[in-house]
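K.L.:
Below, each chain spelled out in residue letters.
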Amino acid sequence: MVEQRRSGVWGRLPNATQRQYLKTGFIDFIPAMVATAVWAFVTGIAMVKSGLTESIATAMTLMVYAGSAQLTSLPLIESNAPLWLIFAAGFIVNIRFIIFGAALYPFFRHLSFFKRLVLGYITTDMVFVLFMKRYAESKQRSSSEHVWYFLGVVVPGWFTWQAFSLLGIYFGAMISDAWSLEYAAMLALLAILLPLVVNRPLIVCLIVAGAIAWVGQLLPLRLGLVLAVIGGVVAGVVVEQLQNKRKAP
Amino acid sequence: MSEYWQYDWYLLGAVVLLALCSVITRAGYFLFGDHIPLPDSVRRALRYAPVAALIAIIIPELLPWAQGETPVIGIEIVAAAAAVLVYVRTRSTLMVIVSGMLVLWLLQAIFS
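As given, the protein sequences belong to chains V and E, one line each in that order.
Taking my numbering, the leading residue of the first sequence gets 17, the next gets one more, and so forth.
Taking my numbering, the leading residue of the second sequence gets 16, the next gets one more, and so forth.
Treat the hints loosely; a few may be bogus.
Partner residues aside, some chain E positions facing chain V, computed with beta carbon under 10 Å [said to hold, decoys possible]:
| hint | residue |
| --- | --- |
| 1 | D23 |
| 2 | G28 |
| 3 | L33 |
| 4 | I51 |
| 5 | P79 |
| 6 | G83 |
| 7 | E91 |
| 8 | V99 |
| 9 | I112 |
| 10 | L119 |
| 11 | I125 |
| 12 | F126 |
To spell it out: a stretch of chain E is covered by chain V in this simulated footprint if at least three of its residues, at any positions, have a beta carbon under 8 Å from a beta carbon of chain V; those stretches are [to be verified]:
| hint | stretch |
| --- | --- |
| 13 | 43 to 50 |
| 14 | 56 to 67 |
| 15 | 70 to 78 |
For the record, the hints were derived by calculation from the structure and aren't laboratory data.
Cβ atoms here follow ideal geometry from the backbone N, Cα and C, with glycine treated the same way.
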């Protein structure tokens, strides 16, 4: 019994069925590979072009492993913003992972603390989309199928991201500043932002937060950023409630 | 010399804090899901925060406005506007980056 528990999920090589799930995950991930690679490459370039040394950029990609939070932090680091603000901004941009985690954890609650920590830490947007598409309706939770499928998506995802991010870091360091490649970081953030804005409350949130952020630049301590987030959230929630009221009879 | 030291610690601090962000937001529910309820109202409100934070980071980069000066409208915002239009037409996030860079380079060539 003890032996069986120890050999659990990662204690030994996967058996044939588990390899099958792993493979299914990998095959599902393949179409997303190009996007992951391009994204990682741009993020890598952006980090060195915003003035990070290659070693700090390498540490950042390996430890943080979150493109949007990394890109968000760059203008803040460049302007020497206080660390708490960098933390807060990174946290807010990562909030989507809290929502992903809330949906995913019922599938993995049977695992040990350490395994849940590792699985959670390497969760990506991609695995959330692919996993929920396949298993959201499934009655059975907490089976080894879920774990191996999940690994089949996130492990190649991690390697793809890190390889191309490192490529971007060392390639970016060689490219002349005249190309203004740091601007690609802004565009990458824009490309993360645009698909999120899918309805009217979110459009209003975008406009209100943008306006506050523009005028708020005149305030010290990047207070504009904090006010913009508060204003944007309030505006979004208010418009959503107004919409619901109008829909209700 | 001491300034360099401080700057390195600052960068290292930023990396460690951001790594902490990743662990808390991603693994938080995996680890303590049974103990953290996430009410629907909170979940809905949380949808707006990332959008607000992202635009609040982007705007000062595209439309800088320093204290005691007039607001600047430069080629950065024009290129970004073009990229947004391209996104609306193509729905491709990759095209946002490609078209934005191309327009920026074009404008740089014209105005420099």
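K.L.:
Of the hints stated earlier, which fail here?
P.N.:
11 and 12
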